[in-house]
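Here is what each chain is made of, one letter per residue.
4 protein chains.
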Amino acid sequence: MKKIAIVTSGGDAPGMNAAIRALTRLATWSGVEVIGFQRGWEGLLHNNCMKLDSRAVSGILHLGGTILRTSRCEEFKRRAGLEKAAETLAKNDVDGLVVIGGDGSARGANALSRYTDTLMIALPASIDNDVYGTEETIGFDTAVNTALVEINKIRDTAVSHERTFIVEVMGRKRGFLALEVGLTAGAEIILVPEVKYDREKIYETLRKNAAKGKRSSIIVVAEGIGETRKLAEDIERNVNTEVRVSILGYVQRGGSPTARSRLLANLFAEKAIDLLLDGIGNRLVGIQRGEITSISLEEACENQKPLNIDMLSLAERLAT
Amino acid sequence: MKKIAIVTSGGDAPGMNAAIRALTRLATWSGVEVIGFQRGWEGLLHNNCMKLDSRAVSGILHLGGTILRTSRCEEFKRRAGLEKAAETLAKNDVDGLVVIGGDGSARGANALSRYTDTLMIALPASIDNDVYGTEETIGFDTAVNTALVEINKIRDTAVSHERTFIVEVMGRKRGFLALEVGLTAGAEIILVPEVKYDREKIYETLRKNAAKGKRSSIIVVAEGIGETRKLAEDIERNVNTEVRVSILGYVQRGGSPTARSRLLANLFAEKAIDLLLDGIGNRLVGIQRGEITSISLEEACENQKPLNIDMLSLAERLAT
Amino acid sequence: MKKIAIVTSGGDAPGMNAAIRALTRLATWSGVEVIGFQRGWEGLLHNNCMKLDSRAVSGILHLGGTILRTSRCEEFKRRAGLEKAAETLAKNDVDGLVVIGGDGSARGANALSRYTDTLMIALPASIDNDVYGTEETIGFDTAVNTALVEINKIRDTAVSHERTFIVEVMGRKRGFLALEVGLTAGAEIILVPEVKYDREKIYETLRKNAAKGKRSSIIVVAEGIGETRKLAEDIERNVNTEVRVSILGYVQRGGSPTARSRLLANLFAEKAIDLLLDGIGNRLVGIQRGEITSISLEEACENQKPLNIDMLSLAERLAT
Amino acid sequence: MKKIAIVTSGGDAPGMNAAIRALTRLATWSGVEVIGFQRGWEGLLHNNCMKLDSRAVSGILHLGGTILRTSRCEEFKRRAGLEKAAETLAKNDVDGLVVIGGDGSARGANALSRYTDTLMIALPASIDNDVYGTEETIGFDTAVNTALVEINKIRDTAVSHERTFIVEVMGRKRGFLALEVGLTAGAEIILVPEVKYDREKIYETLRKNAAKGKRSSIIVVAEGIGETRKLAEDIERNVNTEVRVSILGYVQRGGSPTARSRLLANLFAEKAIDLLLDGIGNRLVGIQRGEITSISLEEACENQKPLNIDMLSLAERLAT
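First to last, the sequence lines map onto chains A, B, C and D.
Note that this note's numbering has the first sequence beginning at 562, numbered continuously upward.
Note that this note's numbering has the second sequence beginning at 562, numbered continuously upward.
Note that this note's numbering has the third sequence beginning at 562, numbered continuously upward.
Note that this note's numbering has the fourth sequence beginning at 562, numbered continuously upward.
Because the hints were derived from the structure by calculation, they are not lab data.
Predicted model only: the values in this text are computed from it and were never measured.
In this text, a Cβ means the ideal position worked out from N, Cα and C, and glycines have one as well.
Accuracy of the hints is not assured; some may be wrong.
Only pairs whose alpha carbons sit at most 16 angstroms apart, straight line, appear in this in silico EDC-like list of lysine to aspartate or glutamate [unchecked claim]:
id	chain 1	residue 1	chain 2	residue 2
1	A	Lys775	C	Glu723
2	D	Lys775	B	Asp614
3	B	Lys791	B	Glu803
Negatives, chain B to chain A, calculated, CB over 12 angstroms [said to hold, decoys possible]:
id	residue
4	Gly601
5	Leu624
6	Glu711
7	Phe726
8	Arg776
9	Glu803
10	Tyr811
11	Gly816
12	Gln849
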């Protein structure tokens, strides 16, 4: 292991810079050279890279986003793209490539591994937390806390105007973010794509709350539900309450990473470098039952991470 | 002056509670009794009120929203509604009524003043800052800072993905919030309803920035512009950049008031009580040229507050 | 299980209110009555209690501190005090008592269990994280994040003035908080009571950093080290750098709990109620290897939680 | 006016970077070259400077501290130092020098003006707000808000433990920061160096509050009082309350500038460049009665800014 490369790919997540810093410093400490490809897979296609050393990653630990930039890259999904990327790795004598990103990045790393001898390691970083093989991704804790702070502000208006607010959070097709946000924000109702919901039951809950004197409610909805505004109209038509919609949007992606997102970045990076120094590749690093682990990229890509449905029922009992 | 009443009306703004606290404590200090009408003008129509004293307003200084609740009330806009409200004031022996709210609340106070002998004082509180007679409203500084923090987060993603972001802020039909947010956030472009804008000039600016190596831009748009999404599409079609839209929405209304919003609340409240103790009513309290002042409700309602257009040109020079 | 009581004891921690809310609502859901003793053990001694139901714990999820108040109570440490507390429990027909607090609270619960048949459950809540039987206490994650935000601010001044800052964080006699804060803040040096430190090595590190062009450093010190100011003087005398001390102090105790502190509060509460409904007592609830577990109070009190020393060495390699 | 220089001096304040950015961009816009001297006056003594242009000040608007660094410089206070600084200005053909800093920086600029033809402009930036000639300094609003957030956290513990907290804020020998923080935080008592205080009156107030059922109090003390810990002991001895001390310290200096601190930085910078382009120097820029103004450096240095004592009495009435 003489030289490793780092690339950040897909949507940015808070803590990506912490991971870049940790990977660079731990590799350098072990006498391994480090380069970074810029703008995601696109940088591999066009050999767009920069040298990284301890000074280059100074002062980035607390920054959101990624200093390596990122992008979504269609060309990389085709065979020609993968071959071109493999060539870049060979040209630069890269022994190990660490890909920091979400579900799609792991898939990309897995696909690329068939065209190159460079060892691939995927570090899960995503605000969606939808990566199989890890209970938590880098950036997830930050996004949950950001959403919490926003909902606290929205509750001021909800209570003052005695309104129902539907707050849509990110999460792509999954409900990890919505579930954790809803549970910790004390949302009266939580809707996730993994569980079918019944409009009548929602109306019922809101009516019961009103009867108990609870004159404002927060409904946290995962974007994957895909009909936030329609739902708002339906509720307004069926329940005697004003409904407002707030789509949190891109603010959930940014911001300084929380301690936990930074900690995961550090621990995942340590594991990644350890694996590479041991000559092990094609793994996705993760945390499982409180321990830093790794599984094969193959396994990570073939499975779908289950949502903890029990937490939904806990949330329901807590919102009474 | 034996008894005053407080009402919060229209959209909630951070610092309304600080004003309620200050009014209550300063009145009590001077031996004046205080009651609060609940849910805005509606509370006056239905004689929905509560006693307020020093203990009742304890621990609310830092809370967003309004403990008196608020609403928008159609009935109050008609003669019958105003007469009913005047009756409630008479029934409760209210000598002075302090209305905390925005532009519409001042109009309401002015209209009501024709039907009652109760002295009316309007305390401008609004995140829109669109009240004539005061350079700044209670809550405006908080909303500006909230938007700043959000834009900081959005910039992480904008830079990492090298995208253009259009951030829509509140302000109803006016551009006060957008201008101050845009200037202090370092937005590359600011669009306000008061100034006609030229799409071609926007494209030009973005192309020039790209040529200079500035690969991400923030455009702050007032909601009053009314075509944020259309603009995004047009830019994407005409400039070689990915565009994303973020509508900050209700988070701008909530949150703990900043020091400045609290300070204004305290100083406006002091002035209001001073006026009432002097037997003066039908005034809107404000800050002008750094001093706490008041103008007649009549004057406040007949004029439109001008936007400081010079600041737009300053912002343009600063964004180079 | 017909009636349970809740008490918060020792130093307050963010998330205590979330735990009170969750315990109350989950118990109520299962048809169990809930009361709360006020001001810690003192409330048990003087039968100072209040009824708790779903409405009583509404709107407290996001609040720091504890609505039940807390105190340190000397009398409770003596036999007479414990007997008196046991009597109060009997008098109120309390079947289960949940004690929310740190190390000392667990000890108190254990001692009290010898004098009463009421089932005891300890819920670990402490910013110090020094409770055996759980990897993390309620409030710890919040305190770490609070300290991070503070250090971010201090770094502005450290860099601008090219100074060395010693930041003292809480943690009583242990280094859990200092270690996690130091690691995630990117501190150049971390000092914890569990590891002997060598002044010469500190001077050496600072001199090396200066030689590399790093002109400002942050040293995170656990309060348990007990000689922060002396250390500052020694460094200033031995290394060519200005040193400033910042003792974060009580701000670390307060603030709205983070998502993680709230989540732990919810999950610990669920476990506590489950245990009590099963007729099991004298347990300390915790999280171990990512799972919610419980151990006997006896075991919790007899053992000392070890600090993960490997993380110190990781921090060192990351600070290069 | 072909070339201007910028220097930041004395203690750092949030918004200094915003001022550097605005000065650089506005000067560049007008075709004026810009350089920055590093590490305060020391940079002038040792001709330690860097070129500044629009790109060099990109991405710094929201950062605390100063990218030009700062220092306190003894040599500069002597005649030889001032002559050396004047030589550096001549050597670099600097037509105008903008000094960003507090009271001491204005004095330095005034002293230097006697040795050089370079036009001097002082931009007041200080968290202490103790500069004559401006109602508000860059950074003051940020420091007030930072202290507010801290006190909010401390209040959680104060209330939970029913304690009295003495919170010491910065401000050097003046009480501007303490007064504004105390007033907007709702402190029960505020102590500033400008007003003699009576220990007995403090005890009396605390006893009265206790009698009214207010079991926790916050006392905000300016560091200029100089006996915070002694006061704590005295109170504990004379009033039946536990007292804790929290010294906010350096966190008040750092952090991202608030909207208002950024706005002042922009407006002050605009005025400074306007003055220089008009060939006017030896002025201190400020805000007075809501307008951007300037006074002579001479006048600024000879006068002492008065504290608004009326606000203390307002705070007292509000804390009942």
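Tested hints:
| no. | hint | in the structure |
| --- | --- | --- |
| 1 | A:Lys775 to C:Glu723 | violated, 54 angstroms |
| 2 | D:Lys775 to B:Asp614 | holds, 14 angstroms |
| 3 | B:Lys791 to B:Glu803 | holds, 14 angstroms |
| 4 | Gly601 | violated, 9 angstroms |
| 5 | Leu624 | violated, 7 angstroms |
| 6 | Glu711 | violated, 5 angstroms |
| 7 | Phe726 | violated, 7 angstroms |
| 8 | Arg776 | violated, 9 angstroms |
| 9 | Glu803 | violated, 9 angstroms |
| 10 | Tyr811 | violated, 5 angstroms |
| 11 | Gly816 | violated, 4 angstroms |
| 12 | Gln849 | holds, 28 angstroms |
Consistency note: the structure conflicts with the earlier hints numbered 1, 4, 5, 6, 7, 8, 9, 10, 11.
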